[in-house]
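Chains as they are written, first to last, in the working numbering: chain A, 1 to 419; chain B, 1 to 419.
Pairs count within a copy or across copies, as identical chains cannot be separated in the list.
With a straight-line cut-off of 20 Å between C-alpha atoms, the simulated SDA-like cross-links for lysine to any residue are:
no.	residue 1	residue 2
1	K111	E382
2	K95	P387
3	K16	T87
4	K342	A290
5	K104	P387
6	K224	Y336
7	K224	E337
8	K111	R404
9	K95	M388
10	K224	K342
11	K104	P91
12	K363	G413
Calculated from the structure, these hints are not laboratory results.
Chain by chain, the residues:
2 protein chains.
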Amino acid sequence: MILLHGDIVYSESAEKLTVRENSYLSVDDGKVEGIYGRVPEKYKGVPVEDYGRDLIIPAFSDLHVHAPQFEQRGIGMDLLLSDWLSTYTFPEEAKFRSPEYAEKIYSLFVKDLLRQGTMHAAIYATLHLEATDILFELLEKAGMDALVGKVNMDVNSPDFLTETTKESLRDTETFLERHAGGGRVKPILTPRFAPTCSAELMKGLGELARKYRCGVQTHLVESKWEAAEAVRLFPDCCSDAEIYEKAGLLDTDVSIFGHVIFPTEEDYRILRKHGSFAVHCPDATNNVIAGIAPVRTEQEREIRVALGSDVGAGHGLGIFKQAARAVQLSKLKEFYEPDVSKTISFANAFDMATRVGGSLFGKVGTFGEGYDFDALVIGGTEDPEIPMDAALRLERFCYTGDDRNIRARYLKGRKLGEE
Amino acid sequence: MILLHGDIVYSESAEKLTVRENSYLSVDDGKVEGIYGRVPEKYKGVPVEDYGRDLIIPAFSDLHVHAPQFEQRGIGMDLLLSDWLSTYTFPEEAKFRSPEYAEKIYSLFVKDLLRQGTMHAAIYATLHLEATDILFELLEKAGMDALVGKVNMDVNSPDFLTETTKESLRDTETFLERHAGGGRVKPILTPRFAPTCSAELMKGLGELARKYRCGVQTHLVESKWEAAEAVRLFPDCCSDAEIYEKAGLLDTDVSIFGHVIFPTEEDYRILRKHGSFAVHCPDATNNVIAGIAPVRTEQEREIRVALGSDVGAGHGLGIFKQAARAVQLSKLKEFYEPDVSKTISFANAFDMATRVGGSLFGKVGTFGEGYDFDALVIGGTEDPEIPMDAALRLERFCYTGDDRNIRARYLKGRKLGEE
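Looking at chain A on its own, in the form it has when it is part of the complex (with noise of 0.2 Å):
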């Protein structure tokens, strides 16, 4: 049993934040118990750990990102996506053949999350088998939760990074039975998107689907592009998301899909038949995919919407920046296209940004009781002179702070960096 104290703030849905100032929240084999104003006489003696007015708020889940584009952050931001990806993603990404290349890459971008505040994530390898498996054990030993997919490609891929369809079912499948089980890191399918993969080879996935009862992730409707090639190269199918359907890889678990900035209305109610996330990611939005998702109207049909970073696309691993810049988005797109989107609101985009990204992972995401105790101490965005609520201090973190503001860090109840 631990005792912290400080200024507690999460989300319990989109519409506003819970604060409670001045309180203390109890924490019981790594989960919250409860929140109260004053220690409760049961407590008595339990040692406090106290944070004063700083900040005590959820761990957030990133849930669109690529771990082997960690390294490329902030590079050729200003070149069209295709050249983009040709320059220094592909070259980037062929690099995970070698597992030392791996081990060394994946351990910087574990600890960036962690350093980042992020504790939950859904995560795309490469097509390389042996450095998924890396990456899945550098998570595992991380303790966090997490999606971890090897990577499909075997068409419309440059010739140093495509497998051919029955490689990449086989070693698919490998990596499903290697680490099928229950611990906190979980293996997940991830087909790149439609264009680099054959109707083969998504029907295999779908059948992996089912014989594993395994999740997928892709991206959707990225760039209208992708949604009339995926349609072209999919000819059976109506919309992106039907190519998944179709191919069964949505009845299993969950589905999470990157982007969706250009749903049909067809992909809308697939995604909200099934559960899915949507993942906005604000910044890679901006960076290389141009066009803002319609994060309003996909919340108005009950699709899950999640943040995510989506590194290197995004430059950089904090989703407490993703929460801001999805409000300035919003603000854009409303300007833009007034007739169908308004401007969110802080409180939704931090939602959105640990509850709803947390709801993807189980019980995480927010101070509910019995939720895991993920959670960050923030400090140093208080001011003498203004006055600030803790949802302003909250807010002016996501604005203006960075990982010195991060001044303690829990993980199942677990204070990081004191073991």
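Following the hints, complete the assembly by docking chain B onto the known chain A.
Coordinates of chain B only, in the frame set by chain A:
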């Protein structure tokens, strides 16, 4: 005489960066003397400050920033402009009636400007004379280049933040008289924007401009509302810029127009004719203004476009971040207005952030011979895994870096933090 060694990057045009890797820069009497691939014979024996492969770049220029809004960074960012102003900005600015408060906040502001690598700035104070004097003196003491304005607002402003026309002109003249002369910090006329200035006030400011030969800064066509309201209130003018031209405010010295998001052809014509600066403030534009300035069109019309943080509508003083954001917004503008604008290169954005902005202040902002040596040493962006040339490392700094990457600062040849 000092010699610095490192990877030297600066801008001579919007087209491309000038990169001199592994080179030596000589500084004589605070000014750039030359750049050499090896130590010239004549400088043998001069001690070298060796920064290895760190970048040596010109310091940044911020051409639109509100010093009294420094404390309110990053709060209320999901509000509409009008609500944000009435809830946070106007009450905060009103506090600067207290010289003690001004001293405290303006000290923090000046310190953070330098921390973020900005050494030249065009700054709005408030309407308060004494507080504005304090800001002026703090900047002089810091040794920076700056233009500082006492804000004018005699109509359409909250009761607690309005002056009479007479007070406004009297205090402005006092401010100009006190600070006449040729230091690095200069006074500048600062009508907040046309809607907060009566015709009589605007006329009086024109007379002061002629009498004191000083320049002007203001907000121009920052929103559709403002653009329409300005010409409604000044019915003898057919564009926002014409209000200032007719008042005689553009004839005597520099003119700096913040935002310039919805210019008419007449605005373009006037800005070009008077050699005015248009200041692009990407984050601010995105946070509370909505709309994207036509940077490329302005450049094509041969208008000088610089960058501004516009704190507090912008949430941070780092102009390097605004360079990255300028590229991002140009991508969105191309997406939404493909006929009007194309993506700008990172080199173009860096040029705005340094050389173009610096040109307001004389020979600063680049490393030509005889330019003031106002410079930053940038480290921690190199990568052992991906060999990156100096231009890419600079881009990475602007996208992913923060003040920790600024390892040394030189102002007029003097290394800061060492006296």
